[in-house]
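J.: Construct the entire structure; sequences and hints are all you get.
The chain contents come next:
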Amino acid sequence: MASVQVSLPLPVLPEGWSGERDFKAIGPLSHATDRNIEPVGPHFLAHARRKRHKRTFSEDDRIQAQVNVKKVEDDDAGEISELEDPLMLQREAKDWKGQDHYAVLGISKYRYKATEDQIKRAHRKKVLKHHPDKKAAAGEAQDDQFFKCIQKATEVLLDPVRRRQFDSVDEGADVEPPTKKETQKGNFYKLWGKVFESEGRFSKVQPVPKLGNEKSTKEEVEHFYNFWYNFDSWRTFEYLDEDVPDDNENRDQKRHVERKNQNARRKKKTEDTARLRKLVDDALALDERIKKFRQAEHAQKNKRRLEKEAEQKRLAEEAAKQKELEAQAKAQKEAAEKADRADAKKAKEAAKNAAKKNKRVVRAAVKEANYFHSGGDAPPSQIDQALNDVDHIITKIDNEELADLTSKLSGKKNAGEITQIFKDEVQRLVGAGKLKEGEAKSLS
Amino acid sequence: MSGENDPAQRVAIGISFGNSYSSIAFTTGEGKAEVIANEDGDRQIPSILSYVEGEELHGGQAKSQLVRNAKNTVAYFRDFLGQAFKSIDPTPCHQSAHPVQAASNVAFKIRDTAEEAENTVTVSEITTRHLKRLRNSASDYLGKDVNAAVITVPTNFSDAQKSALNKAAKEAGIEVLQFISEPVAAVLAYDARPEAKVADKIIVVADLGGTRSDVAVIASRGGIYTVLSTVHDYEVSGFKLDQVLMDHFAKEFIKKHKAGGDPRENDRSLAKLKLECEAVKKALSIGTSANFSVESLANGLDFTATINRSRYELLASKHFAAFARLVTHAVEKAQLDPLDISEIILAGGNSHTPKTASAIQNAFPETTTILAPSTSPTAINPNELSVRGAAIQASLIQEFELEDIDQSTHPMVTVTPHLSHAVGVLCISGDESSGIFHAIVDAETSLPVRRTAIIATPREGGNVLIKLCEGSRHIKVTKPEPKPKQERDSDDDDDDYDSEDEEEELREKTWKVGKVLSEAALRGVKKGAKIEVQINIAADLKVNCIFREVGGKGGVRGLLSGPKVQQNGSA
Ligand SMILES: Nc1ncnc2c1ncn2[C@@H]1O[C@H](COP(=O)(O)OP(=O)(O)O)[C@@H](O)[C@H]1O
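Sequences listed follow chains E and C, in order.
Just so it is clear: in the first sequence, position 231 is 231 by the numbering used here, and no numbers are missing.
Just so it is clear: in the second sequence, position 178 is 1178 by the numbering used here, and no numbers are missing.
Source of the hints: derived by calculation from the structure; they are not laboratory data.
Treat the numbers as computed from the prediction; the structure is a model and nothing was measured.
Ideal placement from N, C-alpha and C gives every residue a C-beta, glycine not left out.
Be a bit skeptical, because a hint or two may be false.
Said to hold, decoys possible - Using C-beta positions, here's what the derived DEER-type ranges look like:
#: 1; chain 1: E; residue 1: Trp17; chain 2: C; residue 2: Ala1529; range: 37 to 45 Å
#: 2; chain 1: E; residue 1: Val205; chain 2: C; residue 2: Ala1529; range: 55 to 63 Å
#: 3; chain 1: C; residue 1: Lys1509; chain 2: E; residue 2: His298; range: 55 to 63 Å
#: 4; chain 1: E; residue 1: Leu240; chain 2: C; residue 2: Arg1268; range: 47 to 55 Å
Claimed, not checked - Facing chain E, according to a computed beta carbon distance under 8 Å, are these residues of chain C, among others:
#: 5; residue: Gly1173
#: 6; residue: Leu1188
#: 7; residue: Thr1416
Claimed, not checked - List of simulated lysine to aspartate or glutamate pairs, EDC-like, C-alpha gap at most 20 Å:
#: 8; chain 1: E; residue 1: Lys135; chain 2: E; residue 2: Asp85
#: 9; chain 1: C; residue 1: Lys1526; chain 2: E; residue 2: Asp22
#: 10; chain 1: C; residue 1: Lys1086; chain 2: E; residue 2: Glu82
#: 11; chain 1: E; residue 1: Lys94; chain 2: C; residue 2: Glu1403
#: 12; chain 1: C; residue 1: Lys1240; chain 2: E; residue 2: Glu82
#: 13; chain 1: E; residue 1: Lys356; chain 2: E; residue 2: Glu311
#: 14; chain 1: E; residue 1: Lys367; chain 2: E; residue 2: Asp391
#: 15; chain 1: C; residue 1: Lys1071; chain 2: C; residue 2: Glu1055
#: 16; chain 1: E; residue 1: Lys51; chain 2: C; residue 2: Glu1403
T.: What follows is the structure, encoded as structure tokens:
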């Protein structure tokens, strides 16, 4: 053997890697498989020379050596061991269309599920038994009818197209739907499961969803029925065709039969579609899960409705309460405002009265201060001027300032003192920009 | 050993003994196998004997007796040898002498002497007579008395069948040195060619013979062959292909001669039809059309017609498809993928038919080489594969004592442990999740084994890590981008198929890194240097390895102990 060339590079040794003498054993190889090598060719001879070392092996060694060897050849014996119906053995080959091809080959428990390999093995097994030469050897009449039936069955079943045609009308694989009564005894899933499994063989789409059981989810069940209501079937009915006359003599007759066959096929296909639809309808009607889901849905809907109503009620109540609270608040507020207004009015009046009183005091003070006239009775012009000025001051000040002024003036009898108070007030007002200098002449 | 079996006196040939045809070959002094033609000039000698007034006809001459003398013509008997009458299928003998029961064995009732009376001749006796004729032809050709042979048999030939054949051969004066299986003989025929290189590969031998088809998947590891799986099918055969042509020409005949009747319903017409159809089938292997011509096919009416190859291919398409399925099935049975198959050797006469090869080519990726006359100019004649392999094996062992051969082919020698996984190195990265596995020893390699690999190093050289692991082959499937769904037109009958091959997925062979076995370091590797890794795996799965720089000094050695012995004692 030439050495193996590897063009991809080895990895760089990681930092810190260490091993005794630069080698680390990590794990052993997986177990090996014992097989026979072929004792052929020059390389085998070299192997044999090395392995024998001139030893001699015995018959026991042979058995010992072979115990674990992986087998390559299949045992010819098949799993096919169906009893042969004596009536079936008497069939005539010319009636091959009516025969159950699977039963003829002894694989009626497999039917559409039989693999190509199974069919071939079954065929071989039957041929070994029923070949006319075997019958002759057994001293039986040289009757090759059943042998021909076997050949026909194999011919049909090994041809994918013809097998489908036969499988389409293979009643042996049909599972009759259970009656309502049977179903209602509580075996819905088992009984109908088989029906759908059998019907599923016609589906172009594979795998076909299973009926499931009471634990299946709503999605699964919906998917199942959707699948079956949209079933895409390859089932055909030409196997049941009437034979078309083979001779070329009677072309009209031939065409007539062909047309008849076409129509019959179409009719059967339509009927089959309807049959399947009804079957699915029936199953659906009996399927407790549908009711369960509907109830659950109902309950769900009801629950939602009740919740909605409760919510509405709650909202209405809340709104009413809110409204009430608002009304109350409003009433309170109004009452308070009214009271306030009354208070304010009172206060205003009081203030007004106080102001009036204060004004009177102020004016009286003017008189007490002899109208700011120093020495002797004040001339009328002075009186007017003083009174005007004080009134002017009063208009310039608010009630508080007036009250201040009043309190400063109260009990004061000394004209100079009073005059000074007024003068200070004028001064303050001028400072605050409320009066102009010299506006109150009598106090300047 | 008795004197007559003295290896020094031996003249050994290879014999392929088929149900339909047999061949004989010898190996020249230069070690080249040559197929011997018999006195009729045939290298494919029909395995048929016929008796006419006490005279024995053989091969092609006997075959032509199928028309006039079917009752006294014995054909397609190989598979009956060593079998109980109840376990044989007499179907192939419908048009020749029928097998009958003799004790629990198989025999034929024929008039094989000049006498009127029929004799019951056992299949063993028939075989002896057939082998005698083959032996005579070989002796005549070689000018030496042939007295030994390696004979090829199907992989499912039982010990009882072999022992019956051994006895029949002995009666014919032939000492059987060894029985070797037909597919392995075919592999040997290819490997013995001077230009062949020993390599590790998986080979499928697909044999489409006259009465059956056989497929074997074989691991070829350093010139050691291990059969991984086999499939046998008696429904897919050359007979079926002949039948297609027979039905075709019978219908043509009926169409042309309305009053001629169906030639399939008369024994003699049927025999003529069959012989001519086989000839037409063979002609269509080379030509693109062939003539059918039979004098007095039925009711004294001659019939000639032509057929072109594509018509034939169409008529027989389901048989080619069935054969291709069988080959795929055998690969599955070996738990392999079509991508694992390096070569498919097409054997058996019907492999001359171009469609046989193309049907198989279509079922396999482009990386699989199909060795058939129509696909490879250097292909060996499919009819001669077995006999060439047998002749080569005969030349290899003819000097041994029989006892020696027996001991060398003893299960103590042939049963060996085979690796369950490939063993190789991790490249680029030492991390199992990102490193790339490269196999050094493939799975299904017989132990003990030694393999060497030369591996590149990082660009700068320096210190490298050599990590040995197990690897398992993994098929990576990439689905193509889903195409925008085409508008579904009203007739949806034919869109299933088209859409399927349009969206062909991409399949690639990759490796999954398995168990890590060991790590080793080589330090200070020169820039651009290569590393040599030598792996020795013993029968007890102990691993002994050596790592060194090519052309450098020193190196690292490592030893790995085998796994614990399993409960049941197998290693
Ligand atoms: N050149 C050819 N082209 C096509 N078919 C052929 C050719 N030569 C032989 N055959 C067919 O090959 C079959 C015989 O093949 P062979 O390997 O000898 O079979 P067997 O193992 O049964 O002896 C027959 O069906 C024969 O018609």
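J.: Confirm or reject each hint.
T.: Structure-based check of all given hints:
1. Checked against the given bound of 37 to 45 Å, the beta carbons of tryptophan 17(E) and alanine 1529(C), roughly 19 Å apart, lie outside it.
2. A hinted range of 55 to 63 Å holds for the C-beta pair valine 205(E) and alanine 1529(C), which are about 60 Å apart.
3. Between lysine 1509(C) and histidine 298(E) the C-beta distance comes to about 58 Å, which sits within the given range of 55 to 63 Å.
4. Hint check: leucine 240(E) to arginine 1268(C), Cβ distance near 38 Å, so the stated range 47 to 55 Å is violated.
5. The beta carbon of glycine 1173(C) comes no nearer than 24 Å to any beta carbon in chain E, farther than 8 Å, and the hint placing it at the interface is violated.
6. Using the Cβ-Cβ criterion of 8 Å, the hint placing leucine 1188(C) at the interface with chain E is satisfied: the shortest such distance is roughly 5 Å.
7. Checking threonine 1416(C) against chain E by beta carbon gives a least distance of about 6 Å; that is within 8 Å, so the hint holds.
8. The straight-line distance between the Cα atoms of lysine 135(E) and aspartate 85(E) is roughly 17 Å, inside the 20 Å bound, and the hint therefore holds.
9. With a C-alpha separation of about 18 Å, the suggested pair lysine 1526(C) and aspartate 22(E) falls inside the 20 Å cut-off, and the hint holds.
10. Annotation: proposed proximity of lysine 1086(C) to glutamate 82(E) holds, straight-line Cα distance about 18 Å (limit 20 Å).
11. A C-alpha spacing of about 58 Å is found between lysine 94(E) and glutamate 1403(C), which places the hinted pair above 20 Å, so the restraint is violated.
12. Taking the CA atoms of lysine 1240(C) and glutamate 82(E), the gap is about 28 Å. The hint is violated against a cut of 20 Å.
13. Simply put, lysine 356(E) and glutamate 311(E) have alpha-carbon atoms about 64 Å apart, too far for the 20 Å limit, and the pair is violated.
14. With a C-alpha separation of about 13 Å, the suggested pair lysine 367(E) and aspartate 391(E) falls inside the 20 Å cut-off, and the hint holds.
15. With a C-alpha separation of about 15 Å, the suggested pairing of lysine 1071(C) with glutamate 1055(C) holds against the 20 Å cut-off.
16. A C-alpha spacing of about 16 Å is found between lysine 51(E) and glutamate 1403(C), which places the hinted pair at or below 20 Å, so the restraint holds.
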